[in-house]
Amino acid sequence: MMEMPLIDRDKCQGCGLCVSVCICGGLVLTDNIVTAVEVEECHWCTLCELVCPTGAISCPFEIIIEKNQDSA
Amino acid sequence: MAGRSTLPNIHRVDIILTVISSGYQECVRTDMVAQIEFIKSIPYFSGLSQSGLDSVGKYIFEKKAGRGEIVLFEGEPAETLCFVVAGVVKVFKISPDGKEQILQIIRPGESFNDVPVFSGGVNLASAGAMGAVVLNMIKKSDLEVVIREHPQVALNVIQILSQRVQHLVSLVEDLSFRHVTGRVARMLLEYAGDGTGERPRLTQQEMAAMIGTAREMVGRSIKTLEEEGAIRIDRHRIIVTNPDALRRIAGVTS
Ligand code: SF4
Ligand code: SF4
Numbered sequence: 001m002m003e004m005p006l007i008d009r010d011k012c013q014g015c016g017l018c019v020s021v022c023i024c025g026g027l028v029l030t031d032n033i034v035t036a037v038e039v040e041e042c043h044w045c046t047l048c049e050l051v052c053p054t055g056a057i058s059c060p061f062e063i064i065i066e067k068n069q070d071s072a
Numbered sequence: 001m002a003g004r005s006t007l008p009n010i011h012r013v014d015i016i017l018t019v020i021s022s023g024y025q026e027c028v029r030t031d032m033v034a035q036i037e038f039i040k041s042i043p044y045f046s047g048l049s050q051s052g053l054d055s056v057g058k059y060i061f062e063k064k065a066g067r068g069e070i071v072l073f074e075g076e077p078a079e080t081l082c083f084v085v086a087g088v089v090k091v092f093k094i095s096p097d098g099k100e101q102i103l104q105i106i107r108p109g110e111s112f113n114d115v116p117v118f119s120g121g122v123n124l125a126s127a128g129a130m131g132a133v134v135l136n137m138i139k140k141s142d143l144e145v146v147i148r149e150h151p152q153v154a155l156n157v158i159q160i161l162s163q164r165v166q167h168l169v170s171l172v173e174d175l176s177f178r179h180v181t182g183r184v185a186r187m188l189l190e191y192a193g194d195g196t197g198e199r200p201r202l203t204q205q206e207m208a209a210m211i212g213t214a215r216e217m218v219g220r221s222i223k224t225l226e227e228e229g230a231i232r233i234d235r236h237r238i239i240v241t242n243p244d245a246l247r248r249i250a251g252v253t254s
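For the record, the sequence lines run as chains X and F. For the first sequence, counting from 1, position 49 maps to 49 in the working numbering; every step adds exactly one. For the second sequence, counting from 1, position 147 maps to 147 in the working numbering; every step adds exactly one.
Hints are computed from structural coordinates only; laboratory data are not their basis. None of the values given here were measured: they were computed from a predicted structure. Keep in mind that a hint or two might mislead.
Claimed, not checked - In silico DSS-like cross-links for lysine-lysine, where the CA-CA straight-line distance does not exceed 27 Å:
#, chain 1, residue 1, chain 2, residue 2
1, X, 11, F, 40
2, F, 139, F, 93
3, F, 140, F, 63
4, F, 40, F, 139
5, F, 223, X, 67
6, F, 63, F, 40
Based on the provided sequences and hints, a complete structural model is requested.
Structure (structure tokens):
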């Protein structure tokens, strides 16, 4: 399963700014709310989060320490 | 649905535009009435009478740009004030080592290039379209006419410039006095898990809030840490590949 940016449907105003900057095509405005469909092309550039005026869309990172040599 | 998701972005913006301005049709015709409505909605011209709005409308011209297009170049004479009608514009500088630092994200209704237009200097930063954008622009000389005729605009300008200064000062503090990259490094060390237990995931916005910096600064710091070989970005994972290097950058000795 491809993780996609998280969307808080209550905060989304449907302004479409995230859609306008996204290059992956995974963000779609439906009924004035943005939804994310899983696409390979989303490389977590976080631009959608950067431009959203209400903080409705977010791209959280997991922070992990790499284990030495053995399977990471 | 499937058909919709394959629409090129430029068309999506057009769909949005059609909603914003009912007079926007077939990508060519802009409606005067819609333009006045837009002008009315921006802080620069709030409180203006109808006649004031009409006179501003006479001077405003429209410009469109596509993703990645540069709409203002740093160092060129500042001759126009720009407003974003649709889409998003980034204001940025390129450092001597070629890195882009975004200084500000400009959304519909907001303006950019204000400071140099009023100071009579050159563009302090470049501005680029992050997707398809529509801009409204007004020449410096025309804006001065509007201000002379409608002093209310001068009051608005003061307020807008003050906010701009506040934002820039907060960025400058970080750029010159403190090392954001070091603070990001420390924060990553504190938050890093071994990938087994559930760890809270952090957005760049949250990271910025945690270390007391602007969101714009975090992305670049993360890139710097990756270039230094301390971390690796694997899509939504930040993997600490060299904890020692990270500790060194963070200024942590033990
Ligand atoms: S930018 Fe934010 S508010 Fe606007 S459509 Fe996207 S998620 Fe919703
Ligand atoms: S992270 Fe980037 S590619 Fe992925 S949905 Fe957001 S804007 Fe699109």
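Given hint residue 93(F) paired with residue 139(F) - CA-CA distance at most 27 Å = The given pair, whose Cα atoms are some 23 Å apart, holds under the 27 Å limit.
Has the given pair, residue 63(F) with residue 40(F), been kept, meaning a C-alpha gap of at most 27 Å?
-> holds (19 Å)
If you draw a straight line from the CA of residue 11(X) to the CA of residue 40(F), is it 27 Å or shorter?
-> holds (25 Å)
Has the given pair, residue 140(F) with residue 63(F), been kept, meaning a C-alpha gap of at most 27 Å?
-> holds (16 Å)
Keeping to a limit of 27 Å between CA atoms, is the pair of residue 223(F) and residue 67(X) held or broken?
-> holds (21 Å)
Mind checking the alpha carbons of residue 40(F) and residue 139(F) for me, to see if they're no more than 27 Å apart?
-> holds (18 Å)
Hint compliance for this structure: every hint is met.
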